[in-house]
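Chemist: From first to last, the protein sequence lines stand for chains L, E, U and A. Under this note's numbering, the first residue of the first sequence is numbered 3, with each subsequent residue one higher. Under this note's numbering, the first residue of the second sequence is numbered 3, with each subsequent residue one higher. Under this note's numbering, the first residue of the third sequence is numbered 2, with each subsequent residue one higher. Under this note's numbering, the first residue of the fourth sequence is numbered 2, with each subsequent residue one higher.
Treat the hints as calculated values from the structure; they're not laboratory data. Source: prediction; values computed, not measured. Ideal placement from N, C-alpha and C gives every residue a C-beta, glycine not left out. Please note that the accuracy of each hint is not assured.
As the list claims (entries may be wrong) - Straight line, CA to CA, 30 Å or less: simulated DSBU-like cross-link-like pairs of lysine-lysine:
id : chain 1 : residue 1 : chain 2 : residue 2
1  : A       : K24       : L       : K169
2  : L       : K169      : A       : K98
3  : A       : K98       : A       : K142
4  : E       : K193      : U       : K3
5  : E       : K359      : U       : K24
6  : E       : K459      : L       : K6
7  : E       : K435      : L       : K4
8  : L       : K7        : E       : K435
9  : E       : K359      : L       : K359
10 : L       : K323      : E       : K60
11 : U       : K105      : U       : K142
12 : E       : K193      : U       : K24
13 : E       : K68       : U       : K98
14 : U       : K98       : U       : K135
15 : A       : K142      : L       : K359
16 : A       : K101      : E       : K359
17 : E       : K452      : U       : K112
18 : U       : K142      : E       : K452
19 : U       : K24       : L       : K7
20 : A       : K101      : E       : K7
21 : E       : K41       : U       : K98
22 : E       : K60       : U       : K112
Unchecked claim - If you want the ones that stay clear, here's a sample from chain U, every Cβ over 10 Å from chain L, calculated:
id : residue
23 : N5
24 : L7
25 : A22
26 : E28
27 : T45
28 : G53
29 : R57
30 : G69
31 : K105
32 : A130
33 : K135
Claimed, not checked - Covered by chain L, according to a simulated footprint, are these stretches of chain E (three or more residues, beta-carbon under 8 Å):
id : region
34 : 268 to 282
35 : 358 to 366
36 : 429 to 441
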Amino acid sequence: MKIKKILIANRGEIAVRVIKSARAMGIKTVALYADDDAKLPHVWMADEAHCLGTGTLKETYLNQAKILEVAKSTKADAIHPGYGFLSENAGFCEAVEKAGLIFIGPTAEAIRLMGDKIGSKIAVEKYNVPMIPGYHGSNQDGAFLSGEAKRIGFPVLIKASAGGGGKGMRIVHAESEFLEALASAKSEAAKAFSNDAVLIEKYVTEPRHIEVQVMSDTHGQHFHLFERECSIQRRYQKVIEETPAPRLSAETQKAICQTAVEIAKGINYRGAGTVEFIMGADQKFYFLEMNTRLQVEHPITEMVTGFDLVGLQIQVASGEKLNLKQVDIRQNGHAIECRICAEDPDNGFLPTVGTIKKIGTATLKDVRLDCGYVDGSVVGVNYDPMLAKLIAWAPTREEAINKMLVALDEVVFAGLKSNRDYLRRLLRHSDFKAGKTHTHFIPDHGESLKPLPAESKEFAVHVAAYLLAGTKPAASSDGVATTNPWTSLSGLRN
Amino acid sequence: MKIKKILIANRGEIAVRVIKSARAMGIKTVALYADDDAKLPHVWMADEAHCLGTGTLKETYLNQAKILEVAKSTKADAIHPGYGFLSENAGFCEAVEKAGLIFIGPTAEAIRLMGDKIGSKIAVEKYNVPMIPGYHGSNQDGAFLSGEAKRIGFPVLIKASAGGGGKGMRIVHAESEFLEALASAKSEAAKAFSNDAVLIEKYVTEPRHIEVQVMSDTHGQHFHLFERECSIQRRYQKVIEETPAPRLSAETQKAICQTAVEIAKGINYRGAGTVEFIMGADQKFYFLEMNTRLQVEHPITEMVTGFDLVGLQIQVASGEKLNLKQVDIRQNGHAIECRICAEDPDNGFLPTVGTIKKIGTATLKDVRLDCGYVDGSVVGVNYDPMLAKLIAWAPTREEAINKMLVALDEVVFAGLKSNRDYLRRLLRHSDFKAGKTHTHFIPDHGESLKPLPAESKEFAVHVAAYLLAGTKPAASSDGVATTNPWTSLSGLRN
Amino acid sequence: MKRNLLLNQTAVSVDVNAISAEKVSFEWAGSSHSFELIQRSGDTVVLRDAQGVQHRLQVTSGLVSGCGLDAEIADVTAGAKKKAAVLGGLNAPMPGKVFKVLVKTGEAVIKGQTLLVLEAMKMEHAIKADKDGKVRKILFKEGDLVQGGMALAELE
Amino acid sequence: MKRNLLLNQTAVSVDVNAISAEKVSFEWAGSSHSFELIQRSGDTVVLRDAQGVQHRLQVTSGLVSGCGLDAEIADVTAGAKKKAAVLGGLNAPMPGKVFKVLVKTGEAVIKGQTLLVLEAMKMEHAIKADKDGKVRKILFKEGDLVQGGMALAELE
């Protein structure tokens, strides 16, 4: 069925992202927004927009009944869930399909299967997928789990079965710490997922997070679009992603991509998905989980392969047979994504809030900014602190890093503290440049990622710009300017 | 030799374009500017900028002595000439190399050979290049040329031997008009090129302008990067270009690209070049000329092949051997370029002037704006009326057209009359959509390219926006608003 | 309330039934229209029509762009002047330099005869007599710079 | 002329030798610097140093960005206040909601004991006693919203 109108059950950058692909394909869009998001651009970039009222997420972006009501009243024929929110909610998928609409995503069955960390591992084991040593069973007794941890060998990782995003996750280095960590993980899991079941795994040291993008149509075709390395993380959340993964042998790349395709084929997957693996220094990789949705970091795959992943999702959801051959999907050049977040990396990465006074513009070729805010947007505490994704492509990794450094200079987010300067420090770090990426990169390099001291000669030009940007200072008796130096610039803005 | 600093002997968008590639490669740049260009962004985007003073082009951008002086004083090790100006000046190329600097372009020999329309045809004939029937000899006697025209058969085309850009070009339909047209063409040629020699050619009806991008290194490797169709022209100048060329058979594409490579190989070419062909409805193509420089429309080739042509130029100029195989250069998807010009298409395409109050921003993926102006820039009569190049890529031609239409909506050039609306009419024309492109498209479709009458229902939303954007009208006695409706918007700009 | 507008250099009139900061309804091209202003962000305004469909337009310096069309709009009665150059005849079709003056004051000319040659954007443009007559005045000399729309010569 | 600045939340001082609308020279980090302002375009300023090299920076709302570095600069003596939250101790490290209060006024606590749990951005943060002592005051109750930097409790 040809899709003519898509309702987007999401907000911010991913809603804008879906609108862009739909516009390019001539498909109409319906946006949703909670009251406090009424001024965000996804609202007015869509062809129609409907308010979800005010309240908790359950009353707004997670309110399935209301969302389906809007979909019906606007005569949308498909719903795109974006990522987060209802994107991996099997019940929602079913409700959408029961209402006679197309869910732009996998089947409810696949979501349900992969949404359970224990069930998913049992399911994929039969496709010869390498598994990390661990306990994924249903016995949740503390003493039993402690025994399993000892059997696997410390350090071990405790993870929420239903979880994601680092919630309900603990690393335990010794038996003596195990029970306390277990209780804490279970409490966090119960709160976040209404399910306190956990699993225990061998904790790989200097591990790398490597994931593979898959895309399946409803005609039995399953493709991969190569891997992404997402090892640079803080608080268990990705902050820099890149593709191809550095230091990956051609054989390992082939094997990991093929493993992901086997999983998609095995579970008869539909649409876009990501199979996540953990990889040790020996290039051995183990299945971690499968995300049954579009990933935040999908743009880097688009940059190296030339495909529009949202466009492909829509084609698949329309029932089209993808006119593709695996051999025609190529990985060209190198792409890096930086997540620009409202947070203070020099203060424990704690989130910051405020009004975005100005968003800068990237000028170089093959640099892309995916952003759901505009100048004047207010960033509050109710949603994710990610402000935007900055993506740079170049023929080589070295050039892509250079280009990203230029782009980070250009794309300011003035008005609130962000991690832009910290991202530049990461990119300039000799170990990052050398491709020595692993998930402990940030904590392990704490000292060498510190900011430059304020009184450094490198800041001379910034001080000069500050002084010169000011109106000619009307010196007060103590020789200090009394006028606000910034107002003089407003007249220059065109 | 590794190039560390490039002086750019040009202005506007192409200077900005070279700066961008250089920045991404970590190479410093030196910009030049005439006094009236001091506020253009190429001046401040470079690492250094030097003024060429005021006066005619000969005193500024064509002032070889001054340019070389700046190159020496700034310790630049290479000069990029852009397009136009000194880019196809063999003498300048020699002077640059004599000064011990690298000329980012072909050898003086190649420029000289291809710069002469007669000499170039004689030179390439030996590589089995199909030639259009014509007279390319040195006998410039009127009666003799008239006889040649008769022999070739009317209609014929008179062209300046040293020319380009439509200067000194005349179509002659009958013998009786020949001598007058010849005199006029010769006078224009003498003025433009200090050389009144002309050549005569068979005039192909419904002809298409198809050109092939070539790239040669100094290690004997000669590549093509596929063709571009540039048939949509007004005043003999391209206004819309695209790649791949529509309605081109795979065999013709292969043959025309191979022919271009043979020419590059035959004359042992260096760097980026474009071989232009004229093609009839029978898909027979004839050599037109070779442009020994980067073309205005090079971005569409970059979009479909993924290469940075300026980057490749710099690599070649550095003496690098390009790490490429012809078979690895692929044409992926479809790209279209629109040249946004300060001109009035509904008034004979006459140039317009003014101050750019606002340049819009393209938001869709794979849309690129190459522009040498910023908000507030003044467009005068001294330079080319091209304001910017808007380039859109999509998997198919139809989608690329759709995307370009969205982008043209977004990328406003407010403050002066431009051809944006006319470009949309061209793209929406049923014959253009059907790929029925030829160089007479614009004159042949004059009526169907007319603007919508002012009182059309499609303008209702524009009228509403105009009315609502105004401050609440303070009605005067005759019921008409007396306040300027636009001032109220300035407070909303962030 | 009638509003007289210049839309793409053509005088049109629109009958506004009601207007507030957020809503407008009016008669246009033979039918009634009503729109709601739901967003202003920078130069972008978003209107919602009676069917709930949103239309994004940019409004800058009298140019209203969007929905695939450009409309240059000015409120004529508010003092806006028709800025378009009076073209054709003996006016400069664009800004440029007088390259050649081919006739003298008092000279008899025939329709189509070239009177002056203007040079602009590196191209030549012949200014030709629009009727048979006698040159009353040549208003510029060779090398003079002229604005688009300026009268260059007068015939009698 | 001395200017006292707050640069990335650190107090620094710069000795300005000369300043005009186009040029500035000053002492910084132990050496002399002089820059010329050659361009302003929107928020972008372009400075030329004594060697002729141009530096592009964006100056917006107290953020000076460019040349690979961010500098948040404020002129302290001109009335700008140090806005950074006073972190650590018993202050809220970020804006959020008081999720749990684990101690009562008058209760004796030991260094490292969790006093309150703050919830923000869907994560929990324990506010721990920075010394042994007695709870003088708990300034918020469960469910209260707090700003980053606000004091949450007092120990004596």
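Chemist: Work down the list of hints and note, for each, if the structure agrees.
Modeler: Outcome of the hint check:
1. A:K24 <-> L:K169: Roughly 53 Å separates the two Cα atoms, so the pair is violated.
2. L:K169 <-> A:K98: 18 Å, holds
3. A:K98 <-> A:K142: 10 Å, holds
4. E:K193 <-> U:K3: 55 Å, violated
5. E:K359 <-> U:K24: 27 Å, holds
6. E:K459 <-> L:K6: This hinted pair holds, its Cα atoms lying about 24 Å apart.
7. E:K435 <-> L:K4: 21 Å, holds
8. L:K7 <-> E:K435: Within the cut-off at roughly 24 Å; holds.
9. E:K359 <-> L:K359: Holds: E:K359 and L:K359 sit about 22 Å apart, inside 30 Å.
10. L:K323 <-> E:K60: The given pair, whose Cα atoms are some 60 Å apart, is violated under the 30 Å limit.
11. U:K105 <-> U:K142: 11 Å, holds
12. E:K193 <-> U:K24: Distance ~59 Å between E:K193 and U:K24 Cα, so the pair is violated.
13. E:K68 <-> U:K98: Holds: E:K68 and U:K98 sit about 27 Å apart, inside 30 Å.
14. U:K98 <-> U:K135: 24 Å, holds
15. A:K142 <-> L:K359: This hinted pair is violated, its Cα atoms lying about 33 Å apart.
16. A:K101 <-> E:K359: 55 Å, violated
17. E:K452 <-> U:K112: 28 Å, holds
18. U:K142 <-> E:K452: With Cα atoms ~36 Å apart, U:K142 and E:K452 exceed 30 Å; violated.
19. U:K24 <-> L:K7: The given pair, whose Cα atoms are some 26 Å apart, holds under the 30 Å limit.
20. A:K101 <-> E:K7: 61 Å, violated
21. E:K41 <-> U:K98: 24 Å, holds
22. E:K60 <-> U:K112: 38 Å, violated
23. N5: 30 Å, holds
24. L7: 25 Å, holds
25. A22: U:A22 clear of chain L: closest Cβ-Cβ about 16 Å, beyond 10 Å.
26. E28: 25 Å, holds
27. T45: The claim is violated: U:T45 sits with its nearest Cβ about 7 Å from chain L, within 10 Å.
28. G53: 5 Å, violated
29. R57: 6 Å, violated
30. G69: 12 Å, holds
31. K105: 48 Å, holds
32. A130: U:A130 is indeed farther than 10 Å from all Cβ atoms of chain L, at 44 Å.
33. K135: Per Cβ check, U:K135 is outside 10 Å of chain L; nearest 50 Å; holds.
34. 268 to 282: violated (count 0)
35. 358 to 366: holds (count 5)
36. 429 to 441: Per the Cβ count (0), the hint is violated.
Of the numbered hints given earlier, the model fails hints 1, 4, 10, 12, 15, 16, 18, 20, 22, 27, 28, 29, 34, 36; all others are met.
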